[in-house]
Amino acid sequence: MWPSHALLPSFCLAMAALVSGCVSSARLPASLPNGGGLGTGLVFGSIGISATAPTIEMSTLQFRATAGDPLQPPGEFVFHSPVGTAGRLLSPLFDTPVDFSEPDAKGTLFVARLPAGDYALVGAAVENAPMHGWAAHVYLADPGAVPFRVDAGGTTYLGQFISHLRVGRDADRIPKVQGAFFVVGDKLERDLALLKQRGERPLPPSVINLAPRLMQIDNEALRGGPP
Amino acid sequence: MTRRSVLLLPVWLLLACTSSHDLGQGPSPMAGGVYREALRPGLHYVFVKSNVAPWTDREAVVRKWRDEADRLCGDAGHEDLRVEDRVEEEMPPMNAIVFRLPYLVSIRKGYALCASAGLSAQEALRIIDAWR
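Read top to bottom, the protein sequences are chains A and B.
Position 55 of the first sequence, counted from 1, bears residue number 55 in the numbering used here, the numbering being contiguous throughout.
Position 119 of the second sequence, counted from 1, bears residue number 119 in the numbering used here, the numbering being contiguous throughout.
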């Protein structure tokens, strides 16, 4: 995990958004498995920021098809939370509405229809924007390769992913952001209700819930319990 | 780069001072600010950092540190413990024509033991050592 100065990632994403339209809460990877008539399935979950980290502007989980080309850009689940004037200026470029706002977190629902096959969460990126949004540091974290499967006609729930900042102290004991991570939770009922509000009717009615399994993970990018 | 350095010089002249920004809330645009933390009632860690400038600004930092300690301890006064001063280069210097302009910050950090704390200096130092 390392910080990189800069508005550059935001700028590049903004430029990409200008070229290709708004950045939505779910962007498909450039390389997808060849469906070969196997059909598609639905993947959904929620992504957001902790109420204790109001300077987080962008929260991103990256995924790709296990059989996909690793050199191609991954897919992303994204939540953009504007910080200050700079964040509000960029916010029209993002289509990540606040679907839930609770005392400890807020965020958006992500939904992706993917060709049936095996996928993995492969990256996490959290952009912290101090100085009222005029600065930005992006913290990357490696979740390992967290596998999930998409079945044709099926629905897979990944869980709720809430980004947090990892705050330590520097040599002068000043609190300093040293990284970021996501806390995984199981909010299946709430997120199913949000999914239905989006007009999606999961078929068959049984949803494969991977959140309990993902909540067992404890690495630099994903944690199951409160920070 | 050269033209930008010349243009930035008046900005530096204006901003080469201390800032009341709370460094506990994150960095400030010009690097300066103050951080305070109470180890226990009446015993405070105070850290003051000047804004970046091509020169040192020790007097302003010392004044700011004293003002903070006075404010935290009130009229009863305070004893200053483990106070340290230093100057750092905040980032690599800027080369402007034949000049090398450093980005310097002046720092003062230390502990203010308020008279109202009910602690001796030795007791306070033990608490400080345990905290560090």
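These are calculated hints, taken from the structure and not from any lab test.
Mixed in with the good hints there might be a few duds.
Have a look at the derived ranges for each label pair, beta carbon to beta carbon [what the hints assert, rightly or not]: (1) A193(A) with L101(B): 57 to 63 Å; (2) V62(B) with R169(A): 47 to 53 Å; (3) M91(B) with D95(A): 33 to 39 Å.
Heads up, the beta-carbon is just placed ideally off N, CA and C, and yes, glycines get one too.
Verification of the supplied hints:
Checked against the hint of 57 to 63 Å, the C-beta distance between A193(A) and L101(B) comes to roughly 59 Å, which is consistent with it. Here the CB-CB span from V62(B) to R169(A) is close to 24 Å, at odds with the stated 47 to 53 Å. For the pair M91(B) and D95(A), the supplied restraint of 33 to 39 Å holds, since their beta-carbon distance comes to about 37 Å.
Of the numbered hints stated above, the single one contradicted by the structure is hint 2.
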